[in-house]
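Here is how the chains run, residue by residue.
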Amino acid sequence: MKYDIAVIGSGMSGLMASIYLAEQGLNTAIVSRGDPICSVSSGCIDIAGTGKKTLDSINNFPEEHPYNKVGEKGISYSIQYFLNIMKEEGYDYTGNFEKNRNILTPIGKHRVTSLVPFPMKHADIGKDEAFHIISFKDIKDFFPSYIRGVFPDTSISVFNAGTHTTMGIAAKMDNKDFLSTFITWIKSQKIKQNKIGIPAVLGITKTYEIIKKLEIETGKFFFEIPTLPPSIPGIRLYRSLKSIAEKKGVSFYGSAEITDFKKEKDRIINITIKKPGRPDYVNADAFILATGSFVSGGLFLDKNIFKETVFNLPVYSPVEKEVFNQDFFKLGHPIEKSGILIDNNFNATESAYSNLFIAGSILANSETMKYQCGHGMAIATGIAAAKSAKEYLK
Amino acid sequence: MKETFENCIRCTICVENCPVFKVNPEYPGPKQAGPDAERFRLDGIETVDKWITHCTQCKRCDFACPYGVDPSKLILNAQIRYVSKHKKTIPQLLFSNFHYIARLGSFFSIITNIITSLGIIRKLFKLIGLRSDIPFPQFRFKTLQRFRKKSVKTPEYLSNNNQLKKRKVAFFHGCYLNSNAPVEGRMIIAILEHFNITVAIPNQVCCGLPALGNGDLVKAKGFAKKNSKEFAKYIEQGWDIIYSCTSCGHTLIYDYPEILDTKEGELISQNTWNLYEYLLMLKDNGELNFNFTALDKVISYHIPCHLRGRGVPYPAVKIFKEIPNLKMNIQDIDCCGFSGSYGFKEKNKETTDTLGRIAVESLEECKPDIIISDCGACRMQISNFTETQIIDPIQVMFDALEL
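Chains A and B supply the protein sequences, listed in that same order. The opening position of the first sequence corresponds to residue 38 in my numbering, with each subsequent residue numbered one higher. The opening position of the second sequence corresponds to residue 804 in my numbering, with each subsequent residue numbered one higher.
One chain only, chain A, in its complex shape (with noise of 0.2 Å):
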């Protein structure tokens, strides 16, 4: 099969390169391996740094940082694109790209993040703020107490849903006659604050409706708290974009291992992908590799070897043999810091092919973790790696 573009990686930054291609009217593949680790997070996009404002952080960022090979505008454009497609697909997200905020998070402490999306618009708690919590009973991973523990004047009421895992009770949750009555026990419970919490099971498909009926039949606000995966905001999140590209056009290789590609020069002219029965073969003019770090398997240590997996770049690494094991779970870790380097336009430093750009956690420097950037600095090289590829196949 032929297209103009092939992404490469269904996660944060590949999904959002290739919506944005699909829009410009380009016909667009995505190749994935499963389903990426933006649906287990907690659905809220980070985008720079603990401090109230991100442009702070973002400025004090090393030179070398992707989002600098972005800049501020690029930055800004990105997110107020996803902004503007969540919002289209009924999905919305609340925040915008200069500020941070507070959600509140199972164990009770603040977690700071940019943008969240609807049903926690209400979960930035203040220090003395009053609120209540609805529990499940034997929900599995969340305790309220933890909660109670920071905030001590908060109630708590526990609502027998008949079922213990997040999902499950998410899956009720869209069903009417449940919802009704989950409404009716609740009116029942005679709740004298304003702000409830509940963890995230208000529904995986049917979320806005839920909460406008929850809020318009009992008069409070509802705040959802994140949970362990199953992470229902990571699925919402996932699915939503997955959804948009669909409906883009953008066409889906899934389960794909690719184990070959052909080149032509300076160019990668397809991708082979092996399972069983006759390999695929995903022909296009450019493509984009958004296959993430180490996790997501885009990179792999191979005795003291750091290999990228799809093309074998060359991999950048200030990490020396002996640091390896030192403070590994330290944020700041040199081996945050691997990845592919890249010049202005995306494309690959130290590499020959003219017709590949690159995005997302798998881009050198880029230290995520440090700077509290994922799924922003996704976004953004997302997008930034698109425009580069679409200027390439003018």
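A portion of the hints provided could be inaccurate.
[As the list claims (entries may be wrong)] Far from chain B, by Cβ distances over 10 Å, these chain A residues were calculated: (1) Lys39; (2) Gly62; (3) Val77; (4) Ser94; (5) Gly108; (6) Thr131; (7) Val187; (8) Asp211; (9) Gly314; (10) Ser333; (11) Lys344; (12) Pro371.
[Stated by the list, open to error] Output of the computed footprint for chain B on chain A, the stretches with three or more beta carbons under 8 Å from beta carbons of chain B: (13) 155 to 165; (14) 214 to 222; (15) 244 to 250.
Just so you know, the hints here were simulated from the structure itself, not pulled from any lab data. Computed from a predicted model, the values in this text were never measured in an experiment. A virtual CB, placed ideally from N, CA and C, is assigned to each residue, including glycine.
Position chain B relative to chain A; hints supplied.
Relative to chain A, chain B alone:
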């Protein structure tokens, strides 16, 4: 496979994709049923895994896993082991032998169709663990195999009579198209012939999936061996294999070279095509043009799990995009919950029905004129929850080609 499950990093992505986990609190999900429990199984420790039979083998976990683990295969092996160590239930015995039931059912179709709809027999169904509240599929006398015997389209005959076209396909119809939906089967043949393709219906038996799903590996291997031998003859003479039932296709491509381990398995796997994938390939090669007429319809397309699991852009969707005025909504997030014989068992009723309702609700969101799905079992299930007409996609193509 034994090595790959060690790649599991417990990210829970498979669990997020498991339809049964979503609605049945008794099932711990593919992560625990697959790689987690496998660590005990390898040590020879008996796990108490009666719940292993809750898995429908929809393969969504395999498709979702980014680390190359196939939880469903681990679970399938555990299911087979569980069944082998316990007395087989009557539904398990019945569905392992569905091939014979379907053949007999078709031959005595008038009688079988009456019997299976009688109230007293339905009560008996419940007694032996089958569901009595959903209709049993109706059998047709004029099966595709009977059609085959009338038309002598063997490779030898066709080549001796100079009737071979450039493209030649051997049609693997499976049990459902043969015994329950031969009309759709004939439509497929007509469409292929319309595009100047020679079609043969080789002598064939059940693909083996119902036997495999009900824990009878020996019987499944028997079926697979028979089919492999017959179809390999065609492949060796330059024929391609075509399937329309997505579950049969999945079995041919994934299971024949692996768990069913037939001698010709790899050959079969390499040369088997989804009907629409094949037509699309011919179109890309410039060998055919569709020239559809307009259809003023809104269609909701329920993607069967085993088509989704192929991991290619849905070929029928790409073809139907060329039909003028046709509006299509694709639904591949929700499994219909039926999973062939699984849905006929009384013990799975709640899981099956809950999933069915969820799937149909999202299918009907766009207020479709018709719902389509490649899989006969999916269609059966969906028809239990909606008044909307539900048909095989081939009928849409048939209409758009004005055949």
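Structure-based check of all given hints:
Listed as a non-interface residue, Lys39 (chain A) fails to keep its Cβ farther than 10 Å from every Cβ of chain B; the least gap is roughly 8 Å. Residue placement check: Gly62 (chain A) keeps its beta carbon more than 10 Å from all beta carbons of chain B (closest about 15 Å). With a closest Cβ-Cβ approach of about 6 Å to chain B, Val77 (chain A) is found to fall inside the 10 Å limit, against its non-interface label. A cut-off of 10 Å between C-beta atoms confirms that Ser94 (chain A) is not in contact with chain B; the least separation is 28 Å.
In this structure Gly108 (chain A) is separated from chain B by more than 10 Å, as the shortest Cβ-Cβ distance comes to about 31 Å. A cut-off of 10 Å between C-beta atoms confirms that Thr131 (chain A) is not in contact with chain B; the least separation is 24 Å. Even its closest Cβ contact with chain B, about 26 Å, leaves Val187 (chain A) beyond 10 Å, as expected for a residue assigned away from the interface. Interface exclusion of Asp211 (chain A) from chain B breaks down, the closest Cβ pair being 7 Å apart, not more than 10 Å.
The Cβ of Gly314 (chain A) does not lie farther than 10 Å from every Cβ of chain B; its closest approach is about 4 Å, which violates its non-interface assignment. Annotated as non-interface, Ser333 (chain A) brings its C-beta within 10 Å of a C-beta of chain B; the closest such distance is 7 Å. The claim that Lys344 (chain A) is not at the interface with chain B holds, since no C-beta of that chain comes within 10 Å of its own (minimum 16 Å). Pro371 (chain A), annotated as away from the interface, keeps every beta carbon of chain B farther than 10 Å; the closest lies near 22 Å.
Only residues whose C-beta sits within less than 8 Å of a C-beta in chain B count toward coverage, and the region 155 to 165 of chain A has 0 of them, not enough to reach three; the restraint is violated. Restraint check on the region 214 to 222 of chain A versus chain B: 0 residues with Cβ-Cβ distances below 8 Å, three needed, restraint violated. Restraint check on the region 244 to 250 of chain A versus chain B: 0 residues with Cβ-Cβ distances below 8 Å, three needed, restraint violated.
Hints 1, 3, 8, 9, 10, 13, 14 and 15 from the earlier list are contradicted by this structure; the remaining hints agree with it.
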